[in-house]
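Chemist: Sequences and hints are given; from them, build the entire structure.
There are 8 protein chains.
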Amino acid sequence: QRRGIPEGILADGKPPEAVASLATTALETTGRALVTRLSDEQFRVLEAAVEDAEAGATIERWSTSALVRSSSYERPSLEATVAIVTAGTVDGPVADEAQVVCEDAGATVDRIDDVGVAALDRILDQTDRIRSADVVVVAAGREGALPTVVAGLVDAPVIAIPVSSGYGHGGDGEAALAGMLQSCTVLSVVNIDAGFVAGAQASLVARAVDRAARTAERE
Amino acid sequence: QRRGIPEGILADGKPPEAVASLATTALETTGRALVTRLSDEQFRVLEAAVEDAEAGATIERWSTSALVRSSSYERPSLEATVAIVTAGTVDGPVADEAQVVCEDAGATVDRIDDVGVAALDRILDQTDRIRSADVVVVAAGREGALPTVVAGLVDAPVIAIPVSSGYGHGGDGEAALAGMLQSCTVLSVVNIDAGFVAGAQASLVARAVDRAARTAERE
Amino acid sequence: QRRGIPEGILADGKPPEAVASLATTALETTGRALVTRLSDEQFRVLEAAVEDAEAGATIERWSTSALVRSSSYERPSLEATVAIVTAGTVDGPVADEAQVVCEDAGATVDRIDDVGVAALDRILDQTDRIRSADVVVVAAGREGALPTVVAGLVDAPVIAIPVSSGYGHGGDGEAALAGMLQSCTVLSVVNIDAGFVAGAQASLVARAVDRAARTAERE
Amino acid sequence: QRRGIPEGILADGKPPEAVASLATTALETTGRALVTRLSDEQFRVLEAAVEDAEAGATIERWSTSALVRSSSYERPSLEATVAIVTAGTVDGPVADEAQVVCEDAGATVDRIDDVGVAALDRILDQTDRIRSADVVVVAAGREGALPTVVAGLVDAPVIAIPVSSGYGHGGDGEAALAGMLQSCTVLSVVNIDAGFVAGAQASLVARAVDRAARTAERE
Amino acid sequence: QRRGIPEGILADGKPPEAVASLATTALETTGRALVTRLSDEQFRVLEAAVEDAEAGATIERWSTSALVRSSSYERPSLEATVAIVTAGTVDGPVADEAQVVCEDAGATVDRIDDVGVAALDRILDQTDRIRSADVVVVAAGREGALPTVVAGLVDAPVIAIPVSSGYGHGGDGEAALAGMLQSCTVLSVVNIDAGFVAGAQASLVARAVDRAARTAERE
Amino acid sequence: QRRGIPEGILADGKPPEAVASLATTALETTGRALVTRLSDEQFRVLEAAVEDAEAGATIERWSTSALVRSSSYERPSLEATVAIVTAGTVDGPVADEAQVVCEDAGATVDRIDDVGVAALDRILDQTDRIRSADVVVVAAGREGALPTVVAGLVDAPVIAIPVSSGYGHGGDGEAALAGMLQSCTVLSVVNIDAGFVAGAQASLVARAVDRAARTAERE
Amino acid sequence: QRRGIPEGILADGKPPEAVASLATTALETTGRALVTRLSDEQFRVLEAAVEDAEAGATIERWSTSALVRSSSYERPSLEATVAIVTAGTVDGPVADEAQVVCEDAGATVDRIDDVGVAALDRILDQTDRIRSADVVVVAAGREGALPTVVAGLVDAPVIAIPVSSGYGHGGDGEAALAGMLQSCTVLSVVNIDAGFVAGAQASLVARAVDRAARTAERE
Amino acid sequence: QRRGIPEGILADGKPPEAVASLATTALETTGRALVTRLSDEQFRVLEAAVEDAEAGATIERWSTSALVRSSSYERPSLEATVAIVTAGTVDGPVADEAQVVCEDAGATVDRIDDVGVAALDRILDQTDRIRSADVVVVAAGREGALPTVVAGLVDAPVIAIPVSSGYGHGGDGEAALAGMLQSCTVLSVVNIDAGFVAGAQASLVARAVDRAARTAERE
Ligand SMILES: Nc1ncnc2c1ncn2[C@@H]1O[C@H](COP(=O)(O)O)[C@@H](O)[C@H]1O
Ligand SMILES: Nc1ncnc2c1ncn2[C@@H]1O[C@H](COP(=O)(O)O)[C@@H](O)[C@H]1O
Ligand SMILES: Nc1ncnc2c1ncn2[C@@H]1O[C@H](COP(=O)(O)O)[C@@H](O)[C@H]1O
Ligand SMILES: Nc1ncnc2c1ncn2[C@@H]1O[C@H](COP(=O)(O)O)[C@@H](O)[C@H]1O
Ligand SMILES: [Mg+2]
Ligand SMILES: [Mg+2]
Ligand SMILES: [Mg+2]
Ligand SMILES: [Mg+2]
Ligand SMILES: [Mg+2]
Ligand SMILES: [Mg+2]
Ligand SMILES: [Mg+2]
Ligand SMILES: [Mg+2]
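Chains as they are written, first to last, in the working numbering: chain A, 1 to 219; chain B, 1 to 219; chain C, 1 to 219; chain D, 1 to 219; chain E, 1 to 219; chain F, 1 to 219; chain G, 1 to 219; chain H, 1 to 219.
The set of hints was computed from the structure by calculation and includes no laboratory data.
The C-beta atom is built at its ideal place from N, Cα and C for all residues, glycine as well.
Careful: at least some of the hints might be erroneous.
[Said to hold, decoys possible] Here are the simulated distance ranges between beta carbons:
no., chain 1, residue 1, chain 2, residue 2, range
1, B, Glu17, G, Ala18, 55 to 63 Å
2, C, Thr127, H, Thr89, 52 to 60 Å
3, F, Thr25, G, Thr108, 39 to 47 Å
4, D, Gly56, F, Thr89, 53 to 61 Å
5, F, Pro15, H, Glu60, 20 to 28 Å
6, E, Ser63, H, Arg131, 34 to 42 Å
7, B, Thr25, F, Ala18, 36 to 44 Å
8, H, Arg129, G, Arg131, 27 to 35 Å
Modeler: The following block contains the structure:
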């Protein structure tokens, strides 16, 4: 539970039983677990294992992720907002990984979907919403231009996630990653499809913001 | 003089005398020559050689390019406009290669500089100008997002040039090239820094447009 | 329906129901949809969904692509011809993507297959046909030399599509892409297997040509 | 002056006069400028140009960077601390870029040098200092392991800079970049040698923290 | 049996019968065989074939590897210890390949699991155990920082194995490989997932150590 | 003097004295030496050293190569012809390396320059000459399409040399190399700019042809 | 039937019916066809189709290749020998592709298997056999060192085939390809796994040798 | 002085004064320093600085490396031999880095030069010498096949160094590195040109061997 982030378990490529066992161990020791890149079969085995492990435990599914929580776990509440922005529908599951981490960390999440740069008015229409967040996560595939455009509109730090939604040269997310690293604005980047990491990094910023507010209030 | 495009001579890496001799030969046989990626020294030698070769010949310098023309050469005139757009000042010499080819082919060129995506209002302010062109060339380095944004604003074909102006991962133009190939709008691409090729391709479109207009007029 | 191009839906990797729902939404809002990289199962589900969505709607299959049109949709007609050339039979489905976009945009398409550079007389025999087009699309895999050869024969702009039909070093289309970007003639390039994009770019050129002719006629 | 970050001017590869002119323009319009990757000659020309441009203007040199400020410019002051950590002496100039941005943005900077992972006690000895920062920047070359180790020790967000100080396979910063993107802890990354970007992103976090504190105080 | 290392047979991609036949041939001619990267089905066929080939032969399974030995084979015994260290559970099967080779070569193996660099106290707690080995093998995926940290703690030679357990940029083991090659300490490296090679190289060091001790004892 | 090929000495990056000493040693022991990638200064030092080493020795310069021969060396004569074909003038020095090896091995060389694929009639005009060779070497840069076209015209084996004459993506010869490896005809390839190797391989074919003829004549 | 090489049909990735139809067309027009990279199912469909197409046609299977011949086809006979050498058993199917082409072209083939460089005596034992060939094909995977060693032993031209039999960094044949291109002896190379191309190139050399012998005999 | 290895200082790219100051600091604190990749100018400045720093200090030059030692430093002596083998003369400076480390660590070094695989008898002639070493370092460029051949001949561990002595595809040492990682024998690898690291790793093995012998003697 270091840094307020739930333990992340990457299901991809592991046997369903192994995933379930890693998750229930985390549930028992830390009160929760976040499993990412789950297949339907892995989800079913996990669901059954969670039920067996603790009567009141809940399991919440977010496209390819699942958040498991003990009935005794009390989620913190942060005075901070994270905007999570996607370019297209294919970016959804990656953004969901980020969102579930932020919500679990206690941040307020404002999710803004489908505002890719091919039609600029869609993103420009959302400027005020994005500007009211303390930190912004932007997921985009193909050429990955959206984070640059968003960072040009807001004052808050932007964390960019390249998504592996293209095809051909650079289509596995490498074009988007390289573009984000080359951004002519200020932003920082996580690995391809690393929604979990971006959400966790945004949560750490939200926690720093929240801590500052609480400290100031106490004074 | 195939396709109305001047002979292109890439000076980079050649001895000044070799460049001058290739250019004066082209001058004598086709009435003109376009030399690209010239150093100052190569330019001086070329200038002298052109003077020697033909009394009335002119030499026009465009940043790193030079257009040599015989006094007897008559430039055609096309009923077509090419917009040439750059993201930043470092894209200038590459866009100049494109511009000199288009002008030599007889097209009207509308040059629009410094409208990179980090400040969207600059490009949005130019929408009408760009929309009035028959074909658009866009040069951009770093993440190379500008052609996608322009292609989202106009109806004409967009030809994108990735520029090698970055540093670090993908900074040699590879990030921009990959991003342009992955563009979520419709555009076509030339090689990194290939201003000459983009200008020539735009000229071919301008010639097709001009031909259609003249044919229709004759009918 | 921006730029006269049908909405493109990439089926590859999406559940059949998602593909069908994206396509019927496009059908209802824009009168048509072009679905690319369809499996047989995705096609069956799409076909049923289109039938359900609108009584008179038609669905046309082109190897791995499908064009869906409302009975009320009226296809425009352009005074412009696109030649679409392939090197070999494996380039067929990629060229089909390009062809269906061009036809839907209203251009006349002249399709010339199987004229790869290993037997030059086949392509030389077609010189006159290719020369009579306003814009040329060339799809080629392996070393991707065909677009360069075609661009050496014609006056119209050439748009090259690298095809992922090889094996070994560069066989995923990277050799063809790099070769086309390095072409010693003038041409522009789209991403590997991006038939849709090449067809759309050719349509934009055809529309510019058609617009010029109509404007001239009106004058 | 968007986002409180001084205009960044990359000197590398530009003629000294061009650098000086870009910097004095920024000085006149925004009151300051940060020039990075300066040679000695570029610095001398810049220094003279700044003197000419404004009597009271100051120029501060930080290894390869220079911060130019108008006498009328008032630096803000943020209630937030940025720790800047380096693995070895070769990381110094890159970390300096980050530091000068953070100081100019008004943050308190705590600089901790030469604590690379080959001798763990050096970094462990600094744990308390690093833990008292609101956000941490870590610059490391070769295998780039230091940011992961730091992120395992602190609760604040960590921004990692890969440095191009190696040789052989991956020695141009690519090994460090890939390692940081693969980090098994939570952190975000900027491009190779992009000290300016990392410093600016840390400043944005510091500004968010400061804003939260001031807002809470007002309430 | 050159160099005391069992014949290694890579099962991956071979038909089960071919694997079984290669292994039983090695069993008959050298008294043993080590098969790596076995599927469950390949294991079953191998098990049956070994039984058929020799009555008393044994087969030992180690995650994805299997060691086959004749009843007449006498394992040597070396006066040398190899420590085998892993960063996380996903590194287990690769480390198992190394361990089975070392044990078969006659070395004492001390296996230390799950001491990745994200939580430094776990590896620091094991310093004494690792220090008492004659040679150390370290398997780590993602950013592959563990071998560098271990090499900073011990005096013995360290052999590093990059593991392909990541995702995104460098996730196929390339980030770990590049990082290990760039290590700022002294270590040598084997190919991605090459547990067999690392174990064999460690065995050769153990044999050199053992030989020196025996020679000295005789003198 | 294995295989009838002169000792090849790569001058590039070596001190002039080291080059001269390697060459004179080869001269003394084998009667000749071929030095490639010579600078002007290296050539001058070599020339003087050869004169010093042997009174009657000759040195022949071929663009960047130099062939040194003892007065006592007797060049063999092969009943076989090698055609050496280049796409453009920049391919000259690489083709020269091949030519000097072939001539020194005793083959008849037919050199055909400047027949790149952008203007097909130039190469088609040379069909008969190329067809009368026993083996063909083709050097081409940029997209490297010429060897494929030549191999489609002749019956003899074709050996292709990719030349590093481009710029941008694949411009260092990688595009040409990949294209030649992907050729849809039959040919074999040597490394980028490896004129010496291609000439030597062609000489080995010429020697096999010559040997067959002589053997048959004797019978 | 250009150049005496049977039409090659790459089965991989094509529907069985398409493969069968391409092969029977070639059978009918040229008297034979060589199909490579066949699955078992594709082979069965092909076998049936050949039977249907022509009563007396034969089909010969060589691991993953199949040679189809009309009863009326008369294989030529060349006075030339090709040695085909493999490093290990995994190189077998690739070498088989080469062998079937050479035999069909009429050359005598001498096949030498399993002489990889890890045990030098195996290859040294075969020196005389290899030396008696007119041209040598060598297939090797992993580090691909065998062709260099063979080329050091013989006087005939060596054609090297890199095989994709490794794993990890460079394991897809890229390490072997790069090593062969860098060979410190003289050899030429074909693409990864391109047994067909290597066999065809060796056949062209054999044909040149045979032609020379016959011409000399006639004289 | 951890692990008995002198402090390594990489001179390349550092100002001569910085190199000298790092070296004299190391001299004063640890009694010695090894500076690698020195230019002539850096060497001169270093030499003067060492003289100034300590009257009796010595400086030994080894091609591009220099070993500095205090008069009070006592070199240990190990009962262990390291064979250092090179393929060609260009590998010399890299092997020298390894040799100076090993000698400074106290091992006996047996240096064997110029035994590349193109002429196998040279390496076979040295088999006995190589076999009598406790550990073997092999430096090779181009295709890097020599370490595999050596590892096939000896029982001791082999540490391979890829050298950046080639040109074209893979010529910067990447071909040799990939080939060594793919070796079909057992060996471990260091980064391209990393003679220092290979020598240090060999010294660690030599120290383990020496320790075992001394321990056994005491018992
Ligand atoms: N989707 C994800 N992206 C990145 N890291 C993840 C993800 N899911 C889990 N992790 C992290 O991966 C590591 C788990 O590795 P493992 O021990 O192999 O399960 C932990 O550090 C997790 O926090
Ligand atoms: N800047 C440029 N970019 C791309 N191609 C160019 C450029 N300048 C000249 N060329 C073309 O390069 C070829 C010249 O090749 P070369 O014969 O080597 O000078 C011709 O086809 C020119 O049209
Ligand atoms: N075959 C194709 N190649 C390239 N782009 C396509 C293709 N099919 C659809 N598209 C485009 O991909 C985008 C669809 O993205 P998505 O929202 O993820 O379905 C749209 O811009 C389409 O026009
Ligand atoms: N030639 C070399 N190859 C590899 N590492 C070296 C070399 N020379 C010095 N080093 C190491 O590089 C590090 C020095 O880094 P720096 O602090 O930048 O001088 C130390 O760990 C040295 O042991
Ligand atoms: Mg996007
Ligand atoms: Mg840009
Ligand atoms: Mg092709
Ligand atoms: Mg570091
Ligand atoms: Mg790890
Ligand atoms: Mg060419
Ligand atoms: Mg091999
Ligand atoms: Mg070598």
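Chemist: Any of the earlier hints contradicted here, and which numbers?
Modeler: none
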